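These protein sequence lines map, in sequence, to chains F and E. Just so you know, the first sequence maps onto residues 6 to 121 in our numbering. Just so you know, the second sequence maps onto residues 20 to 159 in our numbering.
Hints were generated in silico from the structure; no laboratory data involved. Here the structure is a predicted model, which is why all the values come from computation and not from measurement. Glycine residues also receive a C-beta, built at the ideal position from the N, C-alpha and C atoms. Each statement offered as a hint is correct.
Below, simulated DSSO-like cross-link-like pairs (lysine-lysine); rule was C-alpha separation at most 27 Å, straight line:
1. E:130 x F:46
2. E:159 x F:84
3. E:62 x F:93
Partial chain F-side listing against chain E, Cβ under 7 Å, derived:
4. 37
5. 42
6. 71
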Amino acid sequence: MRGDLMKNKKKLLTLLGLVFAISLPQGCASLKSVSSTRVPKNRTLPIKAEGFTWAIFGFHFSNSFVDEAITDLQSKCTKGKISGVYTKYSTRSYLFWTTRTINVEAYCLKANTRRA
Amino acid sequence: LKVKILLGTAFYIFLTACASLHNIQISEIDLTQGEGKRFEVKKNAMGLNVSEAAGIAGAVSGTKAGRSAAKTVSDVWKAITYGPKTGEVTFTDKYADDVPELVASSCSPNKMTGFVTARETNKYPVISGEIIRVIGYCRK
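Using the sequences plus the hints, can you model the full thing?
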């Protein structure tokens, strides 16, 4: 009886160790917000932009990565209209650090292709 | 020296605050007439965490009775603020209500584009700044 218990305990610890080892490089993901605007009919020019920041133990001192994401998005569609904007904000927690990412996917409508 | 470094780091963190982004929404952006003039509207309210204040008070008091009283206050605070919330609790939820008006006064309505709405928190010990930020572009 005690032997079985010890065996099960070892198995459980091995399993926990495995889960920990797998999750360590992956990190724990948390999806904070998702939003989308009207998707255009013309989707020939998809564009992507990203804002990213990381910090040790989650001590972030600024949210300037929001502005980085917007600037990145605008630079990919100069003189056009950015439509169908899908915004995803997520965080990942690792053992000693955390990351924050804004992923933006949209469509660029240039003057000659704009028939949304 | 180590204590000085630790104290310096703690003071720096205290002054700069930890920034949190809770959610963000980006709308359509019309760049056909150039980027336009950027405008930003920000409204904030003070968030409060009595539990943290009680924790600090308990640690500073140095007595068992003080720690016990602080723990009671902290537990009561946790009980009355139980449940999901964004950032810290504030005394009112009306602080963002005049954001649309402020946005409207920043640019002519038919020239506005590229709205970015963000809900943020600047966290200090005990208190926090609960922020609503709207960025937009005013076309030429």
